[in-house]
Structure formats: structure tokens, C-alpha cells
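Going down the list, the protein sequences come from chains A and B. At position 39 of the first sequence the residue is numbered 39 (the numbering used here), and the sequence of numbers has no breaks. At position 83 of the second sequence the residue is numbered 83 (the numbering used here), and the sequence of numbers has no breaks.
In case anyone wonders, no lab produced these hints; they're calculated from the structure. These numbers were taken from a predicted model, which means no experiment stands behind them. Possibly wrong hints are sitting among the right ones.
[Unchecked claim] To give a feel for the contact side, a few chain B residues facing chain A, derived at Cβ under 7 Å:
| no. | residue |
| --- | --- |
| 1 | Tyr39 |
| 2 | Ser43 |
| 3 | Ile47 |
| 4 | Gly59 |
| 5 | Pro81 |
| 6 | Ile92 |
| 7 | Ser94 |
| 8 | Gly95 |
| 9 | Arg98 |
[Claimed, not checked] No more than 27 Å apart at the CA atoms, straight line, and that leaves these computed lysine-lysine pairs for DSSO-like:
| no. | chain 1 | residue 1 | chain 2 | residue 2 |
| --- | --- | --- | --- | --- |
| 10 | B | Lys67 | B | Lys56 |
| 11 | A | Lys57 | B | Lys56 |
| 12 | B | Lys42 | A | Lys57 |
| 13 | A | Lys11 | B | Lys42 |
| 14 | A | Lys11 | A | Lys57 |
All C-beta atoms in this analysis are idealised placements derived from N, C-alpha and C, irrespective of residue type, glycine included.
What follows is the residue order along each chain.
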Amino acid sequence: DAEITQSPRHKITETGRQVTLACHQTWNHNNMFWYRQDLGHGLRLIHYSYGVQDTNKGEVSDGYSVSRSNTEDLPLTLESAASSQTSVYFCASSSGLSSGANVLTFGAGSRLTVL
Amino acid sequence: QKEVEQNSGPLSVPEGAIASLNCTYSDRGSQSFFWYRQYSGKSPELIMSIYSNGDKEDGRFTAQLNKASQYVSLLIRDSQPSDSATYLCAVILSGSARQLTFGSGTQLTVLP
Chain A
1 DAEITQSPRH KITETGRQVT LACHQTWNHN NMFWYRQDLG HGLRLIHYSY GVQDTNKGEV
61 SDGYSVSRSN TEDLPLTLES AASSQTSVYF CASSSGLSSG ANVLTFGAGS RLTVL
Chain B
1 QKEVEQNSGP LSVPEGAIAS LNCTYSDRGS QSFFWYRQYS GKSPELIMSI YSNGDKEDGR
61 FTAQLNKASQ YVSLLIRDSQ PSDSATYLCA VILSGSARQL TFGSGTQLTV LP
């Protein structure tokens with residue numbers, strides 16, 4: 001079965017360290033997204049990609065970067081982790097090809113704690 | 001004003017009752033609307049999508065869209081304790097192509 005996998009599921013790091021969260025999907029979806037979820041804020045878009053070599057900034061992109069070298073993967077990098085980046089991170093994908101193309105399928109989430 | 005707004009709740013209803021969840025959005029040009037359910041500690045999962053004014057029914061769930069008033073609602077009939085979760089409203093705002101903007105969610109508790 002197709003799936004979207006995030007790793008690690010839990011990560012504790014220190015302020016200033018670089019952290020990369022992995023996202024791998026086997027749906028063959030063109031569109032991939034990274035959201036963060038915090039109490040009271042719902043899901044907020046960090047970065048997104050509509051295809052290989054395409055990346056775009058979302059609502060809360062400061063301090064984060066992504067790259068898309070193939071269809072399956074969209075890793076999220078925190079260049080210098082800050083305590084404000086403690087959150088649950090969700091990767092999601094959608095096909096982008098037809099009606100219903102914008103329905104998101106989510107990964108299980110990665111809980112990041114920055115001390 | 002937030003682009004997508006939901007009452008944060010918590011909303012409590014007795015088992016068997018109708019739960020009504022509401023969502024308003026600021027962008028009159030929005031065309032696509034979604035309801036996701038999220039159990040505690042889990043990822044969101046799609047319940048309903050709606051694109052046209054009116055009602056859309058799927059089992060115990062009914063989504064209602066009123067573009068003139070800029071709101072979308074979700075009704076859950078015969079609520080069950082297993083419906084206890086956070087319900088997220090999501091909208092594709094005009095000009096945002098394929099990106100969903102989410103409300104902050106409404107926490108629903110169905111009491112046995």
C-alpha cells in the first residue's frame with residue numbers, strides 16, 4: 001500500500017543545532033507540504049513543493065528550508081534550531097492531477113523538542 | 001481577522017445527539033472546503049470535501065456550504081464516543097492554488 005513516512009517520529013535537540021526531518025511518500029504525488037501544529041494555531045504551512053526542483057515558502061517559513069530532488073522526498077531542515085520551533089511537524093502530499101487533487105494525505109507526524 | 005476561523009470549543013454532546021461544527025472564512029473567492037478529523041496524538045484524516053453550495057451527505061456526516069455567508073459546517077448525526085476528536089476546517093483560498101489553510105480546530109467530546 002502507498003504511504004507517507006516521516007522520520008524521526010520523536011527528536012530532542014539543542015538550540016543552535018541543525019535538524020533534518022525526513023518525509024518519504026510512495027503515492028507518486030506531485031505536491032508535498034510541510035505543516036507545523038501548535039496549540040491554538042492549528043496547522044500552519046511552512047514550505048511546499050509542486051514537483052521536482054520546485055519549492056515555495058509558506059506562512060511560517062523563517063528558519064526552515066526544503067529541497068525536492070525527486071518525487072518521493074521532501075526533507076525539512078532547521079538550520080539553527082530555536083525553542084520556538086518546538087512543535088509537531090506533519091508532512092502531507094496530494095496528487096494535484098484531477099478533482100479531489102487537493103485532498104491531503106498526512107504522515108504520522110514528527111514531534112520535535114528544542115531545549 | 002484569521003482567514004479560517006473555528007470555535008475552539010471544547011464542544012460536548014451526549015451520545016446519539018447531533019454535533020454541529022462551524023467554520024467561517026474571510027476570502028469570498030474560496031472554492032474548495034474540507035473537514036478533517038484528528039484524534040489525539042494522530043495525524044489528520046479527511047472526512048468530507050465540498051465544493052458547491054448546499055449539503056453533502058456521507059453516512060452520519062453532512063457538510064453544509066454557504067458561500068454567500070462564507071461559512072461551512074459539519075453535522076454529525078447519532079454522535080458516538082468514537083467521534084470524540086478535534087475537527088479541522090480547511091479552505092483553499094483564492095490565489096493559493098493547491099494550498100490548504102486550516103482553522104485552529106474544534107475539540108468535540110461525545111459523552112456516553
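For the pair supplied as a hint, Lys67(B) and Lys56(B), confirm whether the alpha-carbon distance does not exceed 27 Å.
holds (14 Å)
Hint check: is the beta carbon of Ile47(B) less than 7 Å from a beta carbon of chain A?
For Ile47(B), the interface hint is violated, since the closest Cβ of chain A sits about 11 Å away, which is over 7 Å.
Hint check: 7 Å Cβ-Cβ cutoff, Gly59(B) to chain A:
violated (18 Å)
Hinted contact Gly95(B) with chain A - closest CB pair below 7 Å
Hint on Gly95(B): violated, closest Cβ of chain A at ~13 Å, above 7 Å.
Pair hint outcome, Lys42(B) versus Lys57(A) [Cα-Cα no greater than 27 Å]:
Cα-Cα ~25 Å, so holds.
Holds or violated: is the Cβ of Pro81(B) closer than 7 Å to a Cβ in chain A?
violated (23 Å)
Take a quick look at whether Lys57(A) and Lys56(B) sit within 27 Å of each other, Cα to Cα.
violated (33 Å)
Hint check: 7 Å Cβ-Cβ cutoff, Ser94(B) to chain A:
violated (13 Å)
Given the hinted pair Lys11(A) and Lys57(A), is their Cα-Cα distance within 27 Å?
holds (24 Å)
Hinted contact Arg98(B) with chain A - closest CB pair below 7 Å
holds (5 Å)
Under 7 Å is the threshold here; is the Cβ of Ser43(B) close enough to any Cβ of chain A for the hint to stand?
Hint on Ser43(B): holds, closest Cβ of chain A at ~4 Å, below 7 Å.
Hint validity - Ile92(B) Cβ closer than 7 Å to any chain A Cβ:
holds (6 Å)
When the structure is compared with the earlier hints, violations turn up for hints 1, 3, 4, 5, 7, 8 and 11 and for no others.
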